[in-house]
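**Student:** Sequence:
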Amino acid sequence: MRSDIKSYNVSGMGCSASALCIDLAQNLLRVHKNSNAIVLSTEVLSNGWYSGKEKSKLLINCLFRMGSAAILLSNKKEARKNAKYLLLRTLRTLRAFDDKAYFSAIREEDSDGKLGVTLKRDLLNVAGRGVIREVGKGLRLGEREIEAALMTLHRFGNQSSSSLWYELAYLEAKENVKKGDNIWQLGMGSGPKCCSVVLKCNRPIFGEYEKGPWGDCIHQYP
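Take the position in the sequence shown, starting the count at 1, then add 223; the result is the number in the numbering used here.
The hints are all genuine.
Dumping the calculated DSBU-like pairs for lysine-lysine here, alpha-carbon to alpha-carbon at most 30 Å:
| id | residue 1 | residue 2 |
| --- | --- | --- |
| 1 | LYS299 | LYS423 |
| 2 | LYS397 | LYS360 |
| 3 | LYS397 | LYS434 |
Listed next, with one range per pair, are the computed distances between beta-carbon atoms:
| id | residue 1 | residue 2 | range |
| --- | --- | --- | --- |
| 4 | GLY403 | ASP227 | 33 to 41 Å |
| 5 | VAL421 | GLU332 | 34 to 42 Å |
| 6 | GLY403 | ALA302 | 13 to 21 Å |
| 7 | ARG330 | GLU368 | 31 to 39 Å |
Quick caveat, the hints were computed from the structure, so don't treat them as lab data. All figures in this text were calculated on a predicted structure; none of them were measured in a lab. Glycine residues also receive a C-beta, built at the ideal position from the N, C-alpha and C atoms.
Sequences and hints are given; from them, build the entire structure.
**Tutor:** Next up, the structure:
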């Protein structure tokens, strides 16, 4: 990349990295006028793969799947006309100060010196339907509100931080997003971390799903 392009790596932020980066990009765009920011969100299995024998570390190998998304943010005046969404607000919460929370999921070596992620029993049913339903229950959400998360998990598995954008693409494919609607994205990661992103739909979104991840299968879902 050119020398005048700034890049940041937040790969250690886990499943909340994408929402966290939206917050980072928003703050950067407040400082740098007439600029663009691109967030590249992905789950790379090879980096976290565990080849040892400890059961508490093997679970990670079964939970995650490959996935990626790219999000373009801009503060240029001309971008407002074509932008799908307006970024209204972001909020980041971290509980790493609590030892019980911090050690619920931690990367460490096993007795043979092999690196892996240990998941404690204190953690919710990681990356599965259980955690989606528990969070939904706590927020008093109905089946309609958690449908996108459940269907994304069913179709693509857990893609870590990029799952947020597959879920948004699901809502778009179902044409459930109308101009003026507010959308709350909730990115949760180990630590635990919780990052909120609030978007406002800026224009009608119709017929674009064919270019997205749900183009060949959205008719199979409720």
